[in-house]
Amino acid sequence: MSWLSRQFSTRVVVLIPVAIAINIVLGYTVQTVLKLPIYLDSIGTILVGVLAGPIAGAATGAASNLIWQYAPGIGGGTIGPFAIVAGVIGFLAGVWGYLGVFRPRPTSGARLWLAVVVGVAIILLLASRIYNNPAYTDPNVGGYPDWVFTAAIAIAVVASFAVAAFILVRRDAAGAWVAAAGALTGIVAAILSAPIAAYVFGGVTGSGTDLIVAALRQGGADVYNASLGQGLFSDPIDKTITSFVVFIVLASLSDRVLARFPLGERLVRPAPAA
Amino acid sequence: MARSAQIISGSAEIDVRLPDFVQRLPVGTYRRLNPTTKLVVAVSEALVAFTVRGWTGPVAVLIVLALTAIAARTGRALLPFLIATIPLTASIVLVNTFLFPGATDPIFGIGPFTPTWTGLEAALQATLRVVAFAMSVAILVLTTRPDDLVGDLERRGAPRGVTFVIGATVRMIPRILQRAGEIAEAQRARGLDTEGRIWRRLRGVLPLAAPLVFGSLNEVEEQTMALEARAFSAQGRRTPLRLFPDDGAQRALRWTLVTGTAVLIVLSIVGRLAFLP
Chain Z
4 MSWLSRQFST
14 RVVVLIPVAI
24 AINIVLGYTV
34 QTVLKLPIYL
44 DSIGTILVGV
54 LAGPIAGAAT
64 GAASNLIWQY
74 APGIGGGTIG
84 PFAIVAGVIG
94 FLAGVWGYLG
104 VFRPRPTSGA
114 RLWLAVVVGV
124 AIILLLASRI
134 YNNPAYTDPN
144 VGGYPDWVFT
154 AAIAIAVVAS
164 FAVAAFILVR
174 RDAAGAWVAA
184 AGALTGIVAA
194 ILSAPIAAYV
204 FGGVTGSGTD
214 LIVAALRQGG
224 ADVYNASLGQ
234 GLFSDPIDKT
244 ITSFVVFIVL
254 ASLSDRVLAR
264 FPLGERLVRP
274 APAA
Chain W
8 MARSAQIISG
18 SAEIDVRLPD
28 FVQRLPVGTY
38 RRLNPTTKLV
48 VAVSEALVAF
58 TVRGWTGPVA
68 VLIVLALTAI
78 AARTGRALLP
88 FLIATIPLTA
98 SIVLVNTFLF
108 PGATDPIFGI
118 GPFTPTWTGL
128 EAALQATLRV
138 VAFAMSVAIL
148 VLTTRPDDLV
158 GDLERRGAPR
168 GVTFVIGATV
178 RMIPRILQRA
188 GEIAEAQRAR
198 GLDTEGRIWR
208 RLRGVLPLAA
218 PLVFGSLNEV
228 EEQTMALEAR
238 AFSAQGRRTP
248 LRLFPDDGAQ
258 RALRWTLVTG
268 TAVLIVLSIV
278 GRLAFLP
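Residue numbers (the working numbering), protein chains in the order written: chain Z, 4 to 277; chain W, 8 to 284.
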């Protein structure tokens, strides 16, 4: 049990409400002020997961959605039933934190280019898994319209360029790992949320992404596959951006602040060679 | 008129006079129920509305909700919650009526759009479920103060970390919301583009998110010190200041609802409820 109570030190218990409030407020602000078609409502969840561990991350994610649903004032909406997905996102973030994915890895020269190649390769690999998966190309199962595949390629290419630029400009190989972790989290989130959206809300959630669902169903996909198709579009992009925001936030915090959290030692940059 | 609470310290009983507002309880047939009872009622309503498919689940829950709303005298306060569901319900009705996969019973045919009866039925059922869910949330929120609920849960033995997280989050949201607004205005004054092309707006994510997260993380440090200085991690129970009356009838109602909902969910999953309309 000691590993569990270590994840819930007083500092973490204080961080969790702040993280939940950040989730809710940033999600709300990004969607209304910047009017972007992404959610960005898991920055706090991923932050707690990376700083404190999988169980703390899962608790933060699930509690975020439930409290958002029942919070007086800005409550309501359709967020509550997706608490399970948010919990898994937080759990995965804890695993990434444990593996040291979010630790800065300053490098230069050939190793930097190696990181670029690895990062781009991981993204293209994930994209090709979606592109070539028989579940999506088989007309008996999904039968998406052609533009879905063109858009998937376009997004993968843009994401590759963004990750390469991030790694080269910051001279930090961690960008490759952060991108892979974010994209993987997004795919898991999409696979988990599709049945919830299909079963609970008949496939739509009242947000801008419903247009994608409608287009996919026009193309002949059933309720579940239309939701899955929409999720595989929005979620990897959203979670990758979120992961990069968390990485930049963590990299700008001092080691003194980071080291006080349970997984802090796995986040501080390696000591410079004397 | 001040009531008195008995606080036991050691073996001596000290009578402490508390101001009236500390212990004043809500009045009204529904409102004065124990907060935990109201929470159990709201959660089981939501679960039944979603798990019992077809018309029966949502309609039955809506009838219960209507009776509760009358007993709780929520009246017009429910309206904003109902309006908030419109974007979702409109989306559900449009997408399902016009694009229901495999439906072959068109209502009428105009051009490429063919609404179907099957789609309309599915859409109306989904709409009723969403409205029932929203109303169950609304009645709980309108009749129960978060502090009361958290206090009662702690008296029942919920871990202090859990009750702190719920209570602190509810208090934190308005503050962070206000701070986010200030940051957005400050960044706009410095030339942040919130209206331009999509990739320009995407560049605005970091200038909004970073100050918010940094500022909040600073507060975490201060709050940790303050809580530790006040024995947050000490063992043992805290003495509740506000006590909410509970009785056997409410306890029976809660257990009936919990077991009844569990049974309905299981029956629904194994398909024994298919005979219901």
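Everything labelled a hint here was simulated from the structure, so no lab data went into it.
Please note that the accuracy of each hint is not assured.
[As the list claims (entries may be wrong)] Residues from chain Z shown here face chain W by an in silico Cβ test under 7 Å; the list is partial:
| id | residue |
| --- | --- |
| 1 | S8 |
| 2 | V16 |
| 3 | L18 |
| 4 | V21 |
| 5 | I27 |
| 6 | Y73 |
| 7 | A167 |
| 8 | F169 |
| 9 | I199 |
| 10 | V203 |
We put the CB at the ideal spot given by N, CA and C, even for glycine.
The hints, checked one at a time:
1. Below 7 Å, beta-carbon pairs count as interface contacts, and Z:S8 has none with chain W, the closest being about 10 Å; its hint is therefore violated.
2. Here the hint on Z:V16 is kept, as its CB sits about 5 Å from the closest CB of chain W, short of 7 Å.
3. Nearest Cβ of chain W to the Cβ of Z:L18: about 5 Å, under the 7 Å cut. The hint holds.
4. Checking Z:V21 against chain W: minimum C-beta separation of about 5 Å stays under 7 Å; hint holds.
5. Checking Z:I27 against chain W by beta carbon gives a least distance of about 6 Å; that is within 7 Å, so the hint holds.
6. For Z:Y73, the interface hint holds, since its Cβ comes within 7 Å of a Cβ in chain W; the closest pair sits about 6 Å apart.
7. For Z:A167, the interface hint is violated, the least distance from its beta-carbon to any beta-carbon of chain W being 16 Å, above 7 Å.
8. About 12 Å separates the beta-carbon of Z:F169 from the nearest beta-carbon of chain W, more than 7 Å, and the hint is not met.
9. A least Cβ separation of about 10 Å between Z:I199 and chain W goes past the 7 Å threshold, and the interface hint is therefore violated.
10. Residue-level restraint check for Z:V203 holds (minimum Cβ-Cβ distance to chain W is 6 Å; threshold 7 Å).
Checked against the numbered hints given earlier, this structure breaks hints 1, 7, 8 and 9; the rest are met.
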